[in-house]
Amino acid sequence: MINDDRVARDVIVIGASAGGVEPLMTLLARLPRDFPAAIGIVLHRSPFYETQLPWVLGRHSPLTVVEPADGVALERGVVYVAPRDQHMLFEAAVVRLDRGPKQHRTRPAIDPLFVSAAAAHGPRVVGVLLSGFGGDGVSGFLSIRAVGGITIVQAPDDAQFPTMPLRALKEDHVSAALSVEEIAAALSVLAPGGALEVGAPRTPA
Amino acid sequence: MYALPPGIAADRLEVTGISCPDCRGVLAVKSEGRDDSLVFECRVQHTYDLAELLAAKEERLEDNFWATITALSELSRLLAELVERGRDHGETAEAVQAYRQRAHQVGEQAQALRDIVGGNRPVDLTRTQPGSSAIG
Numbered sequence: 009m010i011n012d013d014r015v016a017r018d019v020i021v022i023g024a025s026a027g028g029v030e031p032l033m034t035l036l037a038r039l040p041r042d043f044p045a046a047i048g049i050v051l052h053r054s055p056f057y058e059t060q061l062p063w064v065l066g067r068h069s070p071l072t073v074v075e076p077a078d079g080v081a082l083e084r085g086v087v088y089v090a091p092r093d094q095h096m097l098f099e100a101a102v103v104r105l106d107r108g109p110k111q112h113r114t115r116p117a118i119d120p121l122f123v124s125a126a127a128a129h130g131p132r133v134v135g136v137l138l139s140g141f142g143g144d145g146v147s148g149f150l151s152i153r154a155v156g157g158i159t160i161v162q163a164p165d166d167a168q169f170p171t172m173p174l175r176a177l178k179e180d181h182v183s184a185a186l187s188v189e190e191i192a193a194a195l196s197v198l199a200p201g202g203a204l205e206v207g208a209p210r211t212p213a
Numbered sequence: 027m028y029a030l031p032p033g034i035a036a037d038r039l040e041v042t043g044i045s046c047p048d049c050r051g052v053l054a055v056k057s058e059g060r061d062d063s064l065v066f067e068c069r070v071q072h073t074y075d076l077a078e079l080l081a082a083k084e085e086r087l088e089d090n091f092w093a094t095i096t097a098l099s100e101l102s103r104l105l106a107e108l109v110e111r112g113r114d115h116g117e118t119a120e121a122v123q124a125y126r127q128r129a130h131q132v133g134e135q136a137q138a139l140r141d142i143v144g145g146n147r148p149v150d151l152t153r154t155q156p157g158s159s160a161i162g
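Protein chains in written order, with the working numbering: chain C, 9 to 213; chain B, 27 to 162.
These are calculated hints, taken from the structure and not from any lab test. Hints are supplied without guarantee of correctness; some may be wrong.
[Claimed, not checked] Stretch-level coverage of chain C by chain B, calculated; a stretch enters the list once three of its residues show a Cβ under 8 Å from a Cβ in chain B:
hint	region
1	51 to 63
2	171 to 181
[To be verified] Non-contacting residues of chain B with respect to chain C, defined by C-beta distances greater than 12 Å in every case (computed):
hint	residue
3	Leu39
4	Val65
5	Thr118
6	Glu120
7	Gln123
The model shown is predicted, which means the values in this text are computed figures rather than measured ones. Even for Gly, the Cβ is constructed at its ideal location relative to N, Cα and C.
Bound-form chain B, shown alone (with noise of 0.2 Å):
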């Protein structure tokens, strides 16, 4: 599956292979101006142009690593506890092998995922403006 069609023009919208940052709908592109850029417009009109889009697609890739960094980090604080209540509950041995094994195993995970976002390099948008060297 593509992300940007084929057939881009100017006068009409051409279905993407992306979704709307926005809303999560379709998102179609044509192309705008002397230079032929990208304009990007959903179902429900939002709208962006391929810096606003590249920035807005950078947000949500990163909201959607901390929220798995949080159910991973979730998930091994309660099994964590479940270990402590296990032994004082009556839990099983078993039981209680398997929450610890599985809560070191998320954390690590967490962990992980926290340096790959720290590691992380949005590519500098400055470039992608034609011609822009905004400030701030």
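Chain C with its partners taken away, still in its complex shape (with noise of 0.2 Å):
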């Protein structure tokens, strides 16, 4: 059972590299219109090629997606994709980018917004891994459980790319390996502070 002290999981992050795009627009399409979360997403990207990003990730969504600008305001209902070239944060109240050094050779990493989602929101945040290579995103899932919050992968064999998704289940205790259209669901129930039953994840050899 995930979060049987019923905590509402409102602030959600999400990680993706190489086939990332179709499972995040897919997750993002089958998220309800007033879904009660602000959903961070960092997905790898090329430094130096503005996209339509926000647009195809959330072409068949009912909510609303951004690339923020730094400073602007935390908010329910809006799903904030880190731009190019930058790492983006999560502070309690607002959103910052921060153009530092890369982590994983890369950014946007997926680290930094665990890690400071986790600093700012404790508890409240629930961390998403997705399709990917590479170890971008188990330290920010290590930093995640130790306030409390609850860790998911996509299942690596729903994943194009599972690397990402098998080196944190081989580093750290997620709470569940789930397809992508399950992630959704789950989403749905945890966010307003629904309690969820699911199988242990098998951690691989």
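Each chain sits in its own coordinate frame; assemble them with the hints.
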């Protein structure tokens, strides 16, 4: 049972890399219009190309999807997508952009979002790690767990590139490994403070 | 010294005034295709279109900034620790004061460069590629 203490898990932070666009589109399309959580997304991306990423991800979703400017208010029902060449951080009341050193050789990176969200919002945080290469997000998951947040990976056999989910499963006690559709359903339950029955994720050998 | 030579042609490579981002060798340029796009090639056949060259130059620039920031940060820290040691190991007051002042100066420089890097905004290369709006 996840969230049997019925905490409203209304700060959701999602990381993805290669193979992440489609799961993100599916996930956002399946969340309801009045979804009572703020969502942050870091998709590993080129530092040199402005793209239509918020439009692409939010095409079939009723939610507002934006690339935030530094210092905008952090609001429920809004999806914040990290812009190119900056780390995106969630503070207590605002979103911050930071062109600091690359982490895991990339910027935006997933760890800065996860770690800042954990520090500012504690157990309200749900961290989600989708398809991708490399180790970005694992440290962030540990930070989220340390403050009582929930961590969910895309099931490795559901992910186009399962390395990132597999690393998280290996290094941490992840709460659940789910398909993208199951993740959307889980977030809809968790955000307003519901509890969720899931099987224990299989830790890879 | 120019960056791009005056006589860029389609049938031969002309030497530029800029270096190859991947090997620091001499970079040459020619024009290619219907739109006379610039194509760069070095002595050992590293190749770039214009957007790729700009991206590589921006990456090297940032690498150089961080190398300098690290050098300044190391020196600042080393000097600060020498100030601490100096008190216990018989360094003269003048030496300790010199270390302290220089530690402060290079520390300020490191932060100034971090602020410069933080404010850098490389050009959006979507406009540099003819007619493309790539995703991701």
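Here's how the hints hold up against the structure:
1. 51 to 63: As far as the region 51 to 63 of chain C goes, the hint holds, because 10 residues have Cβ atoms under 8 Å from chain B.
2. 171 to 181: Three-residue rule not met by the region 171 to 181 of chain C, so violated; n is 0.
3. Leu39: Holds: least Cβ distance 25 Å, greater than 12 Å.
4. Val65: Nearest chain C Cβ is 18 Å from B:Val65, so the label holds.
5. Thr118: For B:Thr118, whose nearest Cβ neighbour in chain C is about 38 Å away, the distance exceeds 12 Å, so it holds.
6. Glu120: With a cut-off of 12 Å, B:Glu120 remains clear of chain C, as the shortest Cβ separation is near 36 Å.
7. Gln123: Its Cβ never comes within 12 Å of chain C, the nearest being 32 Å, so this holds.
Consistency note: the structure conflicts with earlier hint 2 alone.
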